[in-house]
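J.: This is what each chain is made of:
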Amino acid sequence: MMLTLLDELLLFSGATLLVALFIGRGLAAGWMVTILYGGQLLALLKMAVLGYGGGTIASSLSFEIMGQELSWRFDGLSWFFALITIGSALLSSWFSCGAWERSYIRQGGNIWLFHTAMALNVFTMLILLASGDLLSLFIGWELVSWAGFLLMVLAGGVATSAAMRYITYAMAGGMAIFGGLALIYTASGSLQLEAVTTAVEQMSGAKLWLLVILFGGGFGVKMGLMPFHLWQAPAYAETPGPGSAFLGAISSRMGLFAILLVLVKLFGIVNIESLKLPFTPIDARDLLAWIAVFTIILPTFTAMKQNDARHLLAWHGIGQGGYMLLGVVVADAMGGAGGLLHVFNHATYQAALFMAVTAVIYRTGTSDLNKLGGLVVRMPLSFVVLLIGIIGLAGLPPMNGFVSKWLVYRSLLNQGMPLLFLAAVIGTLGTILSVYKLIHNIFLGQLRVEHEHVSEAPWSMMIPMLILSAIIFVTGLLPGIPLEWVASALQTVGLPVPDHTLGGIESASGSLDMIWVIGVLFAGFGVGALVFYSAGRSKRVHQLDNYAGGHFLSADVRYQYSDNFYAGLMHLIGGWYRGSFLWLERSIRSLVEFLSLGMQGLYRRANAEFYLLTTALFVIAWVVI
Amino acid sequence: MSATELLIELTLMPLVAFVVGMMMVLMMRRIAAKLQRRVGPPFFQPLYDIVKLHSKRTQVSHGLIHDIGIVMAMGGYIAAETLLPVPGMNGIAEKGGIITLLYLMMIPSLGLALGVGQCANPNGSIGIARALTAMLAYDIPLVIVVFGVAYAAGTTNLIDIIATQQAGGFETWGVTQMPLLAIAGLIAMHASLGKQPFEIYIAPAEIATGPMVEMGGKYLGGLFVMQCFQLYTTAVLYVSLFLGGGTTWFDFLLKSFLVLAIPMSIAYLFPRYRTEDLLRLMWKWPVMLGLIGIAFVI
Amino acid sequence: MSSIKQIPVVEAKRTNPLARVFDDLVRFCRSRSLFILHYCTGCGAIELPPAMTSRFDMERLGIQPMVSPRQADILLITGYVSIKTLKRVILTYEQMGSPKYVIGICSCTVNGGMYWQSYATAKKLDEYMPVDLYIAGCMPRPEAVIEGLQQLMDRIHAGEANSWEDYYRNYDYYLGNQQKLFGEDWQTPTDVISEAKHYDLLSNGTLGDHTRLLEQHQKPLEALEMRLGHEQKEPAK
Ligand code: SF4
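Protein chains in written order, with the working numbering: chain A, 978 to 1602; chain B, -6 to 291; chain C, 571 to 807.
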């Protein structure tokens, strides 16, 4: 039997898992696993034809269960997501080797479990991405959920409860998906992808609505869409450093992949658009768009209130997911491209950001934004990485986040959707506020006395961070590179593809050429620098030589503004944080608890004959009716 | 267009912006003086200030990021000017469009925010926190306005937006086509200038000029240069969106100065809002006007 | 300290006519753009608002008030200086960017004025920092203040208002007087000696007994240099 390229990839990935599983205890194991991720990347690059035009590559593995054929294959969409998955796994794993690993072990962490969980995550994600029918999709989905749980639960303590919360949500989502599968199976008698299309054609509006809700909700849980977003931030934030970089980069995008596959490719945006919400002018597509927009705004403004760097980033991860969904459901050429490109861009800067924060934790032992400050003079490279990352996250030129957000904005503008546009911009503005707080409280302001002797993160951590920063900048300068892959992925799901050049987008209604924009920007900086540096030599002063209204500053009294950073804003909007979703979650939980208590009571008191009788009665009633 | 021509345009546009910007600063100070029944500064005062600040012997730096912040504050605007078409010169306006321009206009203030951050002065940090809050306040109506104009024109290309307005004379100007958006834009523009009653982040008596607290010498000088650019960019952007741009330099500059004189004349009559009142004001009236205006456009 | 004025100061001669024009332009701009920091210590402060506002309008001379010492060129001391205040005045003065000018308004800054017998005021301001100009009077009218400022402008334009260099050249003298008043453990957050080196103004009077005394108890004030080193440095015990 000939091995196809996909087989090679999956075998490689399985081998990585086995290596991590069996020899993951040694200190060199990290390097070995990293090299194997590199091998996976090479195996993926051998399939690069998928990223430049399309086609599919099937796996030779396939079998039948109960008359259903299970098969696995890769197409442009899978390739695009797999590239991000393996890329972020490679860099996170690289980051974890050496210095970080040692300190992790010193703090009592189980490095074997960590490497195994990472490898398992990558393996299951590849299986999910390769799924060729709905059953394999579901199997891959469940595998990914449990693998994610394994990685999240590693840190113990708070992380365990966060992971438990995650798995509860994930299981509920899985149930919803399973319900959707059952519906499709009853309608068309098959779980092949084409079956969905036939099922959709035959279905009534109400049934289709149910399907959209079941699939959208089920996949949305993984993406952290409103109102299923509560689990994500604590679960990602509490994962050990490189793990959170990996999870934050790609894990929840699996939900977007499934949505693209099922809702966009198989259902078709047109069908979704034809579903009207009764008594209102909105349809299912608008509903999805508004969910996306709320997913942008609310988590972003929650992030702004976080006092822990990792939690802040994790909340932003949820918010940025909204942009991707928004672009995809607008579903014109620019929107689809923007949404998908944002998956790539987000993965790069989110991983870089989590790594930079992990580096800070590695050196200072804390990620509490009120206990840091002024670190730029001690960790300048980490500062640069974090800076590049936040520029990307906030979506400002010259980094890559700008291009994808620009595409999303343009599509909303072209389609004439002012409110969605406005909401997307509000999300961006909120992001700017929140990331400034992040960089200010960690790296700017006054250096604390206890951090005077901190030094830069070790090279084993620095190099992956710098590679990511380079990717962020280069794909911002030449967005044409990832846009090629995006175009191929868009073709696979049947969305239109925008005209793109190496430097950006060509369009009759206003184009974008990042090469020019960035060129001019840096030329401007050059002129500014010329003016600035040609005037007198500056003299560096100590941070305590500072204006304090005539007060004598001393090192033992903090002279720093970090807590309640946007006090004025919070005066107005502080009261709007109601925690309604937390309240909802709590009330559902107590309702379940109450019911189970009631059941328990009933079970204890009543006798067996009574149960038998009622059951029998119900059965008879069901049969008769 | 040949490469040399383009290069000349790219150098001339920021230069013109700087010179006109200095005159706008002068106008601002003269208006303030007139309203307070003073004589006001001499004609070259903005130039004196900038030269003096750059020639100070002491240049106190709190570190590399402090320096880079100032470079970015100046450089960002220099870059932004090349995306802003003026009579006879388009620069690279069609390569970016208005959304890119709006984002480029944020770069200087964010660069400055970084620089101020390294000064390790809480007054500065509070100032930046307030400035970003103010940005959140005025950018929302501004974005509505920009959306409305770009949607009505069917393009994000500023050259085309100006051309459609000039096509039919005064009747096709943005201000006559979309008066509500024009009013909302004027309010947002006023707030974006950071003048009274919206100068929450300067607040000299309260947080010691906020971001500028540790800036002396060429650092402050850089901010003065930035202010020239800021006034120019804001005014010209408004003229391009609503007043039909300029066909000749004369009417272009006339419109720019006039449109800037409106907020200036209002500014010095008022004390200052508190942050939350600014937010409330910005999120209520201009947003409402802007949304109604958009409803007319669509 | 009158004797200090007699020490010959060698000015670097610039022979290039263009450079001379440039220097002249710079001096002219310096004289026409003065940012004042009014340290409103005593009663004299009350004369400043009229000098600034519509009646006398300092802005037409290019003078405007500023808030923080970093931004300012002129330090206006407007009246008696109590010892507690003097500490802050010195701190503020040292934080200002040179070329900087000090103007003592009111008789109290010249010789203690009517607070001559007070135990709590510093008598002569120029014992603690070089003063460019005194405007005497109890208190001087805005006309006098403006007149004084114009004199200062002329001197700046002529290149004579260089007393700020004196603070670096004779730091030991000023520090000695400050230590006499505030005690031996007196220290400001500004590292004046390293600044003197930075401006090439280190001379015989900069270092002396008093600066040695300062060094004995001085908390370190070197700037926190940006460090790229990857080795974790153990804190020095
Ligand atoms: S000189 Fe007269 S007015 Fe001035 S501070 Fe002294 S007592 Fe007050």
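What the hints contain is simulated information worked out from the structure, not anything from laboratory work.
Warning: the hint list may mix true and false statements.
[As the list claims (entries may be wrong)] Quick list of in silico lysine-lysine cross-link-like pairs, DSSO-like style, CA-CA up to 30 Å: (1) Lys27/B with Lys1282/A; (2) Lys693/C with Lys1516/A; (3) Lys1242/A with Lys1253/A; (4) Lys1516/A with Lys789/C; (5) Lys1348/A with Lys1516/A.
[As the list claims (entries may be wrong)] Estimated spans, in silico, between C-beta atoms of each pair: (6) Ile255/B with Ser773/C: 27 to 37 Å; (7) Cys708/C with Ile1550/A: 46 to 56 Å; (8) Lys277/B with Tyr1162/A: 24 to 34 Å; (9) Asn732/C with Phe263/B: 37 to 47 Å; (10) Ile255/B with Ser624/C: 19 to 29 Å; (11) Phe263/B with Ile1458/A: 23 to 33 Å; (12) Leu1022/A with Gly81/B: 20 to 30 Å; (13) Ala1532/A with Phe243/B: 25 to 35 Å; (14) Phe263/B with Ser624/C: 11 to 21 Å; (15) Glu795/C with Pro35/B: 39 to 49 Å; (16) Phe263/B with Pro619/C: 11 to 21 Å; (17) Glu717/C with Pro35/B: 14 to 24 Å.
Built from N, CA and C at the ideal position, the CB exists for glycine as well.
J.: Next, verify each hint and record whether it holds.
T.: Taking the hints in turn, this is what the structure says about them:
no., hint, verdict
1, Lys27/B with Lys1282/A, "violated, 45 Å"
2, Lys693/C with Lys1516/A, "violated, 33 Å"
3, Lys1242/A with Lys1253/A, "holds, 20 Å"
4, Lys1516/A with Lys789/C, "holds, 19 Å"
5, Lys1348/A with Lys1516/A, "holds, 29 Å"
6, Ile255/B with Ser773/C: 27 to 37 Å, "violated, 56 Å"
7, Cys708/C with Ile1550/A: 46 to 56 Å, "holds, 54 Å"
8, Lys277/B with Tyr1162/A: 24 to 34 Å, "violated, 53 Å"
9, Asn732/C with Phe263/B: 37 to 47 Å, "holds, 42 Å"
10, Ile255/B with Ser624/C: 19 to 29 Å, "holds, 23 Å"
11, Phe263/B with Ile1458/A: 23 to 33 Å, "violated, 51 Å"
12, Leu1022/A with Gly81/B: 20 to 30 Å, "violated, 50 Å"
13, Ala1532/A with Phe243/B: 25 to 35 Å, "violated, 59 Å"
14, Phe263/B with Ser624/C: 11 to 21 Å, "holds, 18 Å"
15, Glu795/C with Pro35/B: 39 to 49 Å, "holds, 43 Å"
16, Phe263/B with Pro619/C: 11 to 21 Å, "holds, 20 Å"
17, Glu717/C with Pro35/B: 14 to 24 Å, "holds, 19 Å"
Hints 1, 2, 6, 8, 11, 12 and 13 from the earlier list are contradicted by this structure; the remaining hints agree with it.
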